[in-house]
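Participant: Between the sequences and the hints, there should be enough to build the whole structure, so can you do that?
Chains as they are written, first to last, in our numbering: chain P, 1 to 178; chain H, 1001 to 1300.
Take the hints with a grain of salt, since some may be wrong.
[As the list claims (entries may be wrong)] No more than 16 angstroms apart at the CA atoms, straight line, and that leaves these computed lysine to aspartate or glutamate pairs for EDC-like:
#1 H:K1100 x H:D1284
#2 H:K1278 x H:E1108
#3 H:K1090 x P:E124
#4 P:K105 x P:D88
#5 P:K92 x P:E124
#6 H:K1100 x P:D132
#7 H:K1278 x H:D1048
#8 H:K1045 x P:D133
#9 P:K65 x P:D132
#10 H:K1100 x P:D133
#11 P:K47 x H:D1048
#12 H:K1037 x H:E1108
#13 P:K65 x H:D1091
#14 P:K61 x H:D1091
#15 H:K1045 x P:E124
#16 P:K105 x P:E124
#17 P:K105 x P:E74
#18 P:K92 x P:D132
#19 H:K1037 x H:E1106
[What the hints assert, rightly or not] Not close to chain P: a few residues of chain H, all C-beta gaps over 12 angstroms, as computed:
#20 L1020
#21 R1022
#22 H1025
#23 P1049
#24 R1066
#25 R1110
#26 S1112
#27 N1237
#28 Q1275
#29 P1281
#30 F1293
These are computed hints drawn from the structure, not numbers from a lab.
Beta carbons: idealized from backbone N, C-alpha and C, even for Gly.
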Amino acid sequence: MTVAGIVNEIHAIIAQKKPKGTSEYAILARAIDSFIPQSKARVDEEKAREIVLARGALARKRLEKAEGGAIAAEDVADLLGLSRQGVDYLRKTERIVAWRVGTGKWHYPLWQFHAGRVRRGISECLKDLPSDDPWSHMIFFLSPRESLSGRRPLDLILSGDVSNAIAVARRHQRHGAY
Amino acid sequence: MFRTQSPWRAGTSDMVPTDLARWIHAVRLPLVRLPEKLIRLSQRKFADPIHWSQLGIHRFDSPGARYGVLYTSNRVETAVLEVFGDQWIKDRQVSSIDLKSYEVCEIEVRRSLQVLDATGKNLNRLGWCTKSVTGIAALRSKRATGKARRGSISELIRDRGATQPPAHFHRNPTGCVSFGPLLCRSSVEDHSGYSPSSLRASCQNTQQRRYTRHGLGALDANFFATTEYAITQEWANALMTHPQAPVGIRYNSRKNPRRINYAVFGLAVAKSAVQLVKRYPLLDYSRLFGFLFQYDVEVL
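Facilitator: Given below as structure tokens:
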């Protein structure tokens, strides 16, 4: 049986037997964990790599759906009163957060918009982040941080504490001392 | 000597002694030798990974400081925790593109240099010194207040135990973050020989209770894990001008207190001794994914 065949069977089983209110990703996460040996010490480097990447694929789905999910470029254009090209320009100049899977369409997380505008602090943080990887941006805004006592940079932006959010962006993933 | 007015600077939540440098200079510092090999993670885009920061965005560097600060670790794993660990308290995620963008930089220290050992009981000792000095200052302040109002100072002296140390010396300050969750999720010994899983049984283990409540971790959380960087930056500034001339600070990682970091001050002697000897992609580090797996990290 091919990998694609196994995936199709998994799809069919999940579609048929998924308990109500349970996400398919939760099932897959459990499935991945069930394959991990009890003793972590027995996992070699290659196996460890496969596991962390598999978990990462599920984590990506969680980020995609976080805080109301994401919308397409056309919807962003409507929301901001811009042309489609205008939205592309904002994305290319890293003034808004956008992600895509593979070479597909760009998606724009809803949490960065408010009252027909890009929230204050989003562009400023993006400017100071050391990476231009869209998933790195998503992780930055949506991950609780120890140095913020468990709050996320997005929480700071939502509460209007933009200067602190920018300070976090300047420290983000730099070898300093948090 | 010490001011007879309140030794605390008003207007900050933790309150900072105004004569900090003076009394730090009076303290005999516990010094240790800076190791011959240090590790730093740097983005590949930077031509020179040895960066003496004066940006004021990290724990010990500030624009007004006499020297810049080079942040290093004792191991690659420690450096990874320093760079990525702040965001690993719930879902521990890192982008594979970000991992790809970093290099491991091996730094050699080519002469004997002494740094302040701010780990374990040494930190405790510094904390004790701090409390003693601040206690004396506070008592003097009360005595002065008593004299000023022509009253007896006996009550004030009797109540001196009520003098509160600054919040950054509290065992469990408000807002203090715990590294417990990060440690406990991993279930095997990490490369430092420290067993994160052993903390799960901490309530049944005296040694671990001491660790959490009275020992290194707690003190580290008090001072070296405060998010009031103005305080730690002021400490670093005072240490830079200390008569014993330490060239940096040896301190515990917040993410795993068994791991050690070194903040090196940019004195001329340190700058000439520190040499970059090797740099290679982080992804080429042979134990990277095993380490990320142990810490339950998800790589996107």
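Participant: Against each hint, give a clear statement of whether it holds in the structure.
Facilitator: Here is how each hint holds up against the structure:
1. Under the criterion of a C-alpha separation no larger than 16 angstroms, the hint pairing K1100 of chain H with D1284 of chain H is consistent with the structure, at around 9 angstroms.
2. For the hint linking K1278 of chain H to E1108 of chain H, the alpha-carbon distance of about 9 angstroms falls within 16 angstroms, and the restraint holds.
3. Pair hint K1090 of chain H plus E124 of chain P does not hold up; C-alpha atoms about 25 angstroms apart against a cutoff of 16 angstroms.
4. Between K105 of chain P and D88 of chain P, the direct Cα distance comes to roughly 11 angstroms. Compliance with the 16 angstroms bound is thereby established for this hinted pair.
5. Taken as a hint, the K92 of chain P and E124 of chain P pair is honoured in the structure, with Cα atoms around 15 angstroms apart against an allowance of 16 angstroms.
6. At roughly 12 angstroms between alpha-carbon atoms, K1100 of chain H and D132 of chain P fall within 16 angstroms of each other, so this suggested pair holds.
7. A threshold of 16 angstroms between alpha carbons decides the hint, and for K1278 of chain H with D1048 of chain H the separation of about 12 angstroms falls inside it, so the pair holds.
8. The hinted pair formed by K1045 of chain H and D133 of chain P meets the criterion: a straight-line CA distance of about 14 angstroms does not exceed 16 angstroms.
9. Note on K65 of chain P and D132 of chain P: the hinted pairing is violated, with a Cα-Cα distance of about 21 angstroms set against a maximum of 16 angstroms.
10. Between K1100 of chain H and D133 of chain P the alpha-carbon distance is near 11 angstroms, which keeps this suggested pair within the 16 angstroms criterion.
11. Of the pairs offered as hints, the one joining K47 of chain P and D1048 of chain H is violated, with about 34 angstroms between alpha carbons and a cut-off of 16 angstroms exceeded.
12. Distance check on the hinted pair: K1037 of chain H and E1108 of chain H sit about 5 angstroms apart at the alpha-carbon level, within 16 angstroms; holds.
13. Between K65 of chain P and D1091 of chain H the alpha-carbon distance is near 14 angstroms, which keeps this suggested pair within the 16 angstroms criterion.
14. A distance of roughly 13 angstroms separates the Cα atoms of K61 of chain P and D1091 of chain H; the hinted pair therefore holds under the 16 angstroms criterion.
15. For the suggested pair K1045 of chain H and E124 of chain P, the alpha carbons sit about 21 angstroms apart, so the restraint of at most 16 angstroms is broken.
16. A hinted pair counts as satisfied when its Cα atoms are at most 16 angstroms apart, and K105 of chain P with E124 of chain P does not qualify at roughly 25 angstroms.
17. The hinted pair formed by K105 of chain P and E74 of chain P meets the criterion: a straight-line CA distance of about 11 angstroms does not exceed 16 angstroms.
18. For the given pair, K92 of chain P sits about 10 angstroms from D132 of chain P by alpha-carbon distance, which is consistent with the 16 angstroms threshold.
19. For a cut-off of 16 angstroms, the pair hint linking K1037 of chain H to E1106 of chain H stands: about 7 angstroms separates their Cα positions.
20. Its beta-carbon lying about 19 angstroms from the closest one in chain P, L1020 of chain H satisfies the requirement of being farther than 12 angstroms from that chain.
21. Look at R1022 of chain H: its CB is around 25 angstroms from the nearest CB on chain P, clear of 12 angstroms, so calling it non-interface holds up.
22. With a cut of 12 angstroms on Cβ distances, H1025 of chain H stays outside the contact zone with chain P, its closest approach being about 23 angstroms.
23. Non-interface status of P1049 of chain H relative to chain P is broken: a Cβ of that chain comes within 12 angstroms, the nearest being about 9 angstroms off.
24. Every C-beta of chain P lies more than 12 angstroms from that of R1066 of chain H, the closest at about 18 angstroms, which supports listing it as non-interface.
25. For R1110 of chain H, the condition that its CB be more than 12 angstroms from all CB atoms of chain P holds, with the nearest at approximately 21 angstroms.
26. The beta carbon of S1112 of chain H is kept farther than 12 angstroms from every beta carbon of chain P, the shortest such distance being approximately 24 angstroms.
27. At the 12 angstroms boundary, the C-beta of N1237 of chain H stays outside the reach of chain P, the nearest C-beta of that chain being 15 angstroms off.
28. Here Q1275 of chain H stays apart from chain P, with its beta-carbon at least about 17 angstroms from theirs, past the 12 angstroms limit.
29. With 12 angstroms as the threshold on Cβ separation, the claim that P1281 of chain H sits away from chain P holds: the shortest Cβ distance comes to roughly 14 angstroms.
30. A cut-off of 12 angstroms between C-beta atoms contradicts the statement that F1293 of chain H is not in contact with chain P; the least separation is 4 angstroms.
When each numbered hint is compared with the structure, violations occur for hints 3, 9, 11, 15, 16, 23, 30.
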